[in-house]
Amino acid sequence: MSQELRLKLKNPQGELIKGDSNDLTFAGLELEKRIGSISNSEKVGPFQFCVIISIGDEVTKLANQLKLPVSISIVDFKVNRKVKYSRIEEHGFRSDFIEKGNIVTVRNPPGYIRKSLVNAIYRSIKLFLEKGEKTIIRVHGEEDLAGLPAILLAPLGTVVLYGQPQEGVVLVEVTEKVKEKLVEMNG
Numbered sequence: 000m001s002q003e004l005r006l007k008l009k010n011p012q013g014e015l016i017k018g019d020s021n022d023l024t025f026a027g028l029e030l031e032k033r034i035g036s037i038s039n040s041e042k043v044g045p046f047q048f049c050v051i052i053s054i055g056d057e058v059t060k061l062a063n064q065l066k067l068p069v070s071i072s073i074v075d076f077k078v079n080r081k082v083k084y085s086r087i088e089e090h091g092f093r094s095d096f097i098e099k100g101n102i103v104t105v106r107n108p109p110g111y112i113r114k115s116l117v118n119a120i121y122r123s124i125k126l127f128l129e130k131g132e133k134t135i136i137r138v139h140g141e142e143d144l145a146g147l148p149a150i151l152l153a154p155l156g157t158v159v160l161y162g163q164p165q166e167g168v169v170l171v172e173v174t175e176k177v178k179e180k181l182v183e184m185n186g
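The sequence shown begins at 0 in numbering that gives the first Met the number 0 and counts up by one.
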């Protein structure tokens, strides 16, 4: 991946919901409203539900605190590249979900998108669409660029949430236009 593309991807690829990175309460309230309006609208496409993908530890924890119906969570146990979590439970997942065991582990170095990460995202989306089963993808390394394959692989109408360091949470409603923009960025 070129340095130019990495710089472009640092900009929010969707709607930035501003909030203090140390207290995402306000962003959380706004997220609840936005996701509620998307999942209740007719924009969800052929699906009778809204697929939601959370990327990042703080965003995933916030989504769990808000009881958002997240389908796929991608975490690396780090915040701002520093280890903050040591167990999946610290992200607010229910114990019955953790015991069920849909946890996939992949390695992905900082600044890269490995094929194993892309495959894990693809299989998780497929599993959710076919069987309604939710997945946690635990990344050893870094998940910061996971939004790119998540958006490109997700069905239209999916909501992808990820953190924008020091600014808040980015909400991307996956549309053809959003996918085309990401493909064009890659040149």
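Fair warning: there could be bad hints in the mix.
[To be verified] List of simulated lysine to any residue pairs, SDA-like, C-alpha gap at most 20 Å:
id	residue 1	residue 2
1	K9	K81
2	K32	L15
3	K133	F96
4	K77	G140
5	K178	P11
6	K133	K178
7	K81	P109
8	K81	K125
9	K17	N79
10	K114	F96
11	K125	L152
12	K133	P109
13	K133	K81
14	K66	P11
15	K77	D95
[Claimed, not checked] Simulated restraints, written as ranges between beta carbons of each label pair:
id	residue 1	residue 2	range
16	E14	I97	26 to 32 Å
17	N10	D95	18 to 24 Å
18	V78	R122	22 to 28 Å
Derived by calculation from the structure, the hints in this document are not laboratory data. Computed from a predicted structure; not experimentally measured. Each residue gets a CB set at the ideal place from its N, CA and C atoms; glycine is no exception.
We went through each hint and held it up to the structure:
1. Note on K9 and K81: the hinted pairing holds, with a Cα-Cα distance of about 18 Å set against a maximum of 20 Å.
2. About 14 Å separates the Cα atoms of K32 and L15, which keeps this hinted pair within 20 Å; it holds.
3. Distance check on the hinted pair: K133 and F96 sit about 9 Å apart at the alpha-carbon level, within 20 Å; holds.
4. Of the pairs offered as hints, the one joining K77 and G140 holds, with about 9 Å between alpha carbons and a cut-off of 20 Å not exceeded.
5. With a C-alpha separation of about 14 Å, the suggested pairing of K178 with P11 holds against the 20 Å cut-off.
6. Using a Cα cut-off of 20 Å, the hinted pair K133 and K178 is violated, with the two alpha carbons roughly 23 Å apart.
7. About 12 Å separates the Cα atoms of K81 and P109, which keeps this hinted pair within 20 Å; it holds.
8. Restraint check for K81 and K125: not satisfied, since their Cα atoms lie roughly 31 Å apart, outside the 20 Å limit.
9. Restraint check: the Cα-Cα separation between K17 and N79 comes to about 17 Å, which is no more than 20 Å; the hinted pair holds.
10. Straight-line distance between C-alpha atoms of K114 and F96 comes to about 26 Å, which puts the hinted pair past the 20 Å bound.
11. As the CA atoms of K125 and L152 are separated by approximately 10 Å, the hinted pair is consistent with the 20 Å bound.
12. With a C-alpha separation of about 25 Å, the suggested pair K133 and P109 falls outside the 20 Å cut-off, and the hint is violated.
13. Our distance criterion of 20 Å between C-alpha atoms is broken by K133 and K81, whose separation comes to about 27 Å.
14. Taking the CA atoms of K66 and P11, the gap is near 24 Å; set against the 20 Å cutoff, the hint is violated.
15. As the CA atoms of K77 and D95 are separated by approximately 24 Å, the hinted pair breaks the 20 Å bound.
16. Distance hint check for E14 and I97: the Cβ-Cβ separation is about 30 Å, which falls inside the suggested range of 26 to 32 Å.
17. Checked against the hint of 18 to 24 Å, the C-beta distance between N10 and D95 comes to roughly 38 Å, which is inconsistent with it.
18. At about 26 Å, the CB distance of V78 to R122 agrees with the hint of 22 to 28 Å.
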